[in-house]
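Chemist: Sequence order for the protein chains is A, B and C. According to this note's numbering, the first sequence holds residues 24 to 371 in order. According to this note's numbering, the second sequence holds residues 4 to 287 in order. According to this note's numbering, the third sequence holds residues 75 to 362 in order.
It cannot be assumed that every hint is accurate.
Unchecked claim - Here are the simulated DSSO-like pairs of lysine-lysine, each with C-alpha atoms no more than 30 Å apart in a straight line:
#, chain 1, residue 1, chain 2, residue 2
1, A, LYS83, A, LYS39
2, C, LYS273, B, LYS62
3, B, LYS62, A, LYS214
4, B, LYS177, C, LYS165
5, C, LYS280, C, LYS166
6, A, LYS127, A, LYS281
7, C, LYS355, B, LYS177
8, C, LYS280, C, LYS254
9, A, LYS281, A, LYS110
10, A, LYS83, A, LYS110
11, C, LYS166, B, LYS177
12, B, LYS177, C, LYS273
13, B, LYS177, C, LYS280
None of these hints come from the bench; they were simulated from the model.
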Amino acid sequence: MVLTLCLTGCGGGGGKRVVNVCGWGENIDEDLIRQFEEETGIHVNYQTAESNETMYSLIKQGGADYDVIVPSDYMIAQMISEGLLEKLDYSNIPNFDLIDSQYKNLSYDPQNEYTVPYTWGTLGIIYNSTMVDEEITSWSALFDPKYAGQVGMIGNPRDAVGAALLYLGYSVNTTSEDEIRQAYQLIADAKANGIYQGFFMDQLYDKMEAGETAICAYYAGDFLSMHDNNPDLRYVVPDEGSNWFVDAMCVLAGAEHKAEAEEWINFICRTESCLANMDFIWYASPNQEALASYPAYYEENNGEALDPELYQIMAAPADVLERCEVYQNLPAGTLALYSELWVELGIE
Amino acid sequence: MRNKRALFAVPYVGWMALFVLAPIVMVVIYAFSAASGGFTLDNFARMGTYAVVFARSFKLALIATAVCLLVGYPVAYMISREGPRFQRIAMMLVMLPMWMNFLLRTYSWMSILENTGLLNRFFSAVGLIGLVNRLCGTDLAYFPMINTQGAVVLGMVYNYLPFMILPIYSVIEKLDGSLLEAARDLGANSARVFLRVILPLSLPGVLSGVTMVFVPSVSTFAISKLLGGSNELLLGDLIEQQFLGTAYNPYLGSAIALVMMVIVVVCMAVMNRFGEGEEQAVML
Amino acid sequence: MKRHGRTLNRLLMALVFLFLYAPIFVLIVFSFNDSSSRTVWQGFTLRWYVELVQDRQIMSALSATLLVSLLSTVIATAAGTMAAVGFFSMKKRWRRPLLTVNSIPMTNADIVTGVSLCLLFVAFFAGWETFAQSVNAAQGLIRLPTRLHMGFGTLLIAHITFNIPYVILNVLPKLRQMDKNLVDAAQDLGCTWMQAFWKVVLPEIKPGIVSGALIAFTMSVDDFVISYFTAGSATSTLAMVVYGMTKRRISPKINAISSLLFVTVLALLVIVNVREARQEKQMAQRRL
Numbered sequence: 024m025v026l027t028l029c030l031t032g033c034g035g036g037g038g039k040r041v042v043n044v045c046g047w048g049e050n051i052d053e054d055l056i057r058q059f060e061e062e063t064g065i066h067v068n069y070q071t072a073e074s075n076e077t078m079y080s081l082i083k084q085g086g087a088d089y090d091v092i093v094p095s096d097y098m099i100a101q102m103i104s105e106g107l108l109e110k111l112d113y114s115n116i117p118n119f120d121l122i123d124s125q126y127k128n129l130s131y132d133p134q135n136e137y138t139v140p141y142t143w144g145t146l147g148i149i150y151n152s153t154m155v156d157e158e159i160t161s162w163s164a165l166f167d168p169k170y171a172g173q174v175g176m177i178g179n180p181r182d183a184v185g186a187a188l189l190y191l192g193y194s195v196n197t198t199s200e201d202e203i204r205q206a207y208q209l210i211a212d213a214k215a216n217g218i219y220q221g222f223f224m225d226q227l228y229d230k231m232e233a234g235e236t237a238i239c240a241y242y243a244g245d246f247l248s249m250h251d252n253n254p255d256l257r258y259v260v261p262d263e264g265s266n267w268f269v270d271a272m273c274v275l276a277g278a279e280h281k282a283e284a285e286e287w288i289n290f291i292c293r294t295e296s297c298l299a300n301m302d303f304i305w306y307a308s309p310n311q312e313a314l315a316s317y318p319a320y321y322e323e324n325n326g327e328a329l330d331p332e333l334y335q336i337m338a339a340p341a342d343v344l345e346r347c348e349v350y351q352n353l354p355a356g357t358l359a360l361y362s363e364l365w366v367e368l369g370i371e
Numbered sequence: 004m005r006n007k008r009a010l011f012a013v014p015y016v017g018w019m020a021l022f023v024l025a026p027i028v029m030v031v032i033y034a035f036s037a038a039s040g041g042f043t044l045d046n047f048a049r050m051g052t053y054a055v056v057f058a059r060s061f062k063l064a065l066i067a068t069a070v071c072l073l074v075g076y077p078v079a080y081m082i083s084r085e086g087p088r089f090q091r092i093a094m095m096l097v098m099l100p101m102w103m104n105f106l107l108r109t110y111s112w113m114s115i116l117e118n119t120g121l122l123n124r125f126f127s128a129v130g131l132i133g134l135v136n137r138l139c140g141t142d143l144a145y146f147p148m149i150n151t152q153g154a155v156v157l158g159m160v161y162n163y164l165p166f167m168i169l170p171i172y173s174v175i176e177k178l179d180g181s182l183l184e185a186a187r188d189l190g191a192n193s194a195r196v197f198l199r200v201i202l203p204l205s206l207p208g209v210l211s212g213v214t215m216v217f218v219p220s221v222s223t224f225a226i227s228k229l230l231g232g233s234n235e236l237l238l239g240d241l242i243e244q245q246f247l248g249t250a251y252n253p254y255l256g257s258a259i260a261l262v263m264m265v266i267v268v269v270c271m272a273v274m275n276r277f278g279e280g281e282e283q284a285v286m287l
Numbered sequence: 075m076k077r078h079g080r081t082l083n084r085l086l087m088a089l090v091f092l093f094l095y096a097p098i099f100v101l102i103v104f105s106f107n108d109s110s111s112r113t114v115w116q117g118f119t120l121r122w123y124v125e126l127v128q129d130r131q132i133m134s135a136l137s138a139t140l141l142v143s144l145l146s147t148v149i150a151t152a153a154g155t156m157a158a159v160g161f162f163s164m165k166k167r168w169r170r171p172l173l174t175v176n177s178i179p180m181t182n183a184d185i186v187t188g189v190s191l192c193l194l195f196v197a198f199f200a201g202w203e204t205f206a207q208s209v210n211a212a213q214g215l216i217r218l219p220t221r222l223h224m225g226f227g228t229l230l231i232a233h234i235t236f237n238i239p240y241v242i243l244n245v246l247p248k249l250r251q252m253d254k255n256l257v258d259a260a261q262d263l264g265c266t267w268m269q270a271f272w273k274v275v276l277p278e279i280k281p282g283i284v285s286g287a288l289i290a291f292t293m294s295v296d297d298f299v300i301s302y303f304t305a306g307s308a309t310s311t312l313a314m315v316v317y318g319m320t321k322r323r324i325s326p327k328i329n330a331i332s333s334l335l336f337v338t339v340l341a342l343l344v345i346v347n348v349r350e351a352r353q354e355k356q357m358a359q360r361r362l
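Make a model of the complete structure from these sequences and hints.
Modeler: Here it is in structure tokens:
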């Protein structure tokens with residue numbers, strides 16, 4: 024028992040400044056961590072979570088003592104409604120002003136009291152131009168029998184049902200049970216007709232690059248990584264509209280190292296940090312300066328100019344964003360419906 | 004004398020009470036609770052809808068266990084017949100694959116089994132696919148192996164085969180050679196020696212092996228996601244969805260896990276009884 | 075006929091080993107791939123190995139993994155062997171239910187074990203906080219830390235908990251197989267029970283202990299779900315890092331570290347085997 028106490032670590036005291044961060048894997052340029060530690064003397068414990076839900080589960084059990092977490096918008100909305108996040112002291116985060124106003128006060132944090140955006144992007148259709156004859160412009164590609172056996176559906180209930188809802192002309196944030204069931208039925212029918220190879224997430228990287236899967240739905244930044252390895256791939260935000268998302272940094276309620284956490288967030292908002300991150304993970308930064316100057320930065324670092332088309336995919340222009348919606352946190356009943364339908368899909 | 008030695012187990016019994024039983028008690032409490040607190044049987048009422056998943060998981064796990072037994076037993080037996088140096092090397096080689104991370108190995112099977120994967124590329128290069136097309140009148144560009152139930156069973160067998168080979172080998176290796184000689188002297192041929200002497204004596208190892216393969220196979224989740232394409236839900240996926248899924252519902256998850264645990268424990272209790280009976284017969 | 079049987083045996087064994095090693099081979103080959111793809115080969119490079127050494131997260135995860143797995147295996151093997159001996163000597167009435175409880179960490183899905191242990195620790199910490207606060211308020215001599223975190227200690231406890239059943243499951247059959255007369259004979263010849271244990275029982279069950287320890291160690295290195303829920307925010311194991319990477323893509327750096335680990339263990343085992351073989355040769359020669 025005594026051994027346990029010694030090993031579990033005591034709270035407070037110690038002297039050395041520490042901050043515990045949890046983000047996605049491969050989602051930060053490691054040099055930034057080192058730079059931060061050198062500048063501030065704060066030791067960073069960087070851990071990774073595999074998904075929003077995994078992170079949420081650990082936090083809900085009470086087993087996570089992170090200071091900074093970087094979940095996605097809908098998860099943040101859920102956490103705020105459950106009181107899991109701490110309000111930020113924005114006077115400690117002066118670099119917050121560098122964040123463009125279109126990423127502030129979004130539906131998941133309307134008064135912007137809890138979050139600072141980290142990256143943003145769009146959900147779209149990725150397809151292999153050598154395996155698909157035509158140009159794809161609509162979500163119908165995911166439900167079209169002519170692509171049977173070649174489509175990889177996204178393995179995430181909100182995105183999958185969202186795609187179906189958009190195709191049917193509804194909002195991705197609808198709470199109408201009827202509409203959601205319609206969307207679900209579309210997916211179930213497609214699955215029964217053998218259109219899908221399966222429901223994939225990160226497996227899509229390798230499947231798209233190798234030409235195993237011809238069409239899928241996935242995120243813009245990830246498309247750019249895939250494009251690096253297979254230039255035949257194309258990305259499109261469908262005509263019916265799509266989802267655009269923001270991953271944002273927030274502080275857990277009752278976090279021990281709040282001051283250090285705010286210093287970390289401030290550091291990440293810096294233009295240099297955002298530029299380095301963008302180069303590493305291919306996701307757009309909400310820092311307006313960094314986003315605007317990224318093509319020049321890319322040219323400097325890589326010796327060649329950034330393809331303007333790729334830049335447009337990474338930093339979707341206003342007209343694309345106009346047809347996109349941000350996910351809102353859905354009421355518990357709707358979430359339960361999503362979950363129930365998703366399980367039914369797997370039971371077939 | 005005997006009972007004093009039994010006290011050796013006491014510290015562990017204490018440890019179990021704290022770190023095995025107490026968490027189970029929490030799982031049981033959760034299984035019978037609702038999100039709003041209070042006792043409920045709702046979670047169990049929903050089990051009916053998941054019967055298909057239970058059946059599927061147990062079926063696949065049984066198949067995987069049977070395959071492991073059919074492949075693992077002969078291998079263990081053959082290894083035990085070789086020289087001591089070979090045996091050592093063989094045992095080492097059997098355990099070594101486990102050292103690669105489980106997720107990595109499963110991803111690796113993906114790249115082998117995919118439609119554009121290594122196996123299919125090899126088959127098409129040697130003309131096997133063309134041959135099958137001619138023989139069966141089909142028009143395949145590749146053999147569909149990935150995202151099927153078969154791939155999931157393959158994944159289970161691959162990951163848990165060493166757990167079948169090791170215990171069986173460890174028991175067979177120590178069998179008293181004189182017993183086998185005696186049986187042969189009494190006129191039994193090889194087949195009878197195997198069936199009447201070796202097989203019954205190796206049963207404890209077989210039971211260990213079956214346990215260590217069946218149980219993780221029932222509750223695995225990454226394999227059906229990666230090799231099965233999430234097309235068919237297994238128990239492990241179902242439980243994972245409750246704890247790490249869209250609708251966080253640890254109460255339902257605990258209920259499902261509890262039912263799964265009970266079924267498995269019942270199976271194992273039956274097996275243990277069977278095992279002990281055999282032991283009695285031998286000890287005479 | 076026997077010779078044919080022998081070659082058939084060897085062929086079957088070779089096939090099984092090919093089956094076991096094919097994915098490993100693919101993994102190692104792709105750790106030299108000059109792109110992050112897992113299936114498309116784009117040239118040979120050593121850069122993942124270079125980047126691996128500079129990756130702080132992976133390196134610290136590696137040392138945490140090795141430490142926790144080694145420690146938990148050693149403790150689990152010792153405790154498990156002792157417990158197995160205890161179980162073996164028990165009356166069946168006690169033994170059967172205890173063995174059932176023992177098998178719970180194995181029959182339970184990883185995730186349930188992980189979550190329930192997490193809940194247990196959280197409940198314990200909450201209770202401790204109130205306890206420590208009242209003790210601190212009551213007197214000023216000893217200041218107890220009020221806020222405990224999950225960390226290496228809880229991780230170790232979790233690993234030991236799920237390792238011991240594997241050890242017991244491997245040692246118990248060997249104990250059952252052991253000839254009881256050996257122990258009686260040793261005692262008749264003047265040994266105390268302890269001596270009889272060390273000199274007679276232990277060598278008999280050694281293969282079971284060794285295989286149990288090996289399995290425990292491997293399970294410990296490979297586990298990610300239980301570790302995720304019990305390691306806290308400051309400690310990561312290698313398997314946790316790999317699991318976390320599945321949001322984006324598993325970097326070939328992981329292939330590199332796994333290949334290195336694999337080759338290291340292989341080399342170690344080869345060295346141990348060569349030494350043992352050499353020792354046996356020397357002993358055989360001495361006898362001549």
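Chemist: Name the hints, by number, that the structure is in violation of.
Modeler: 2
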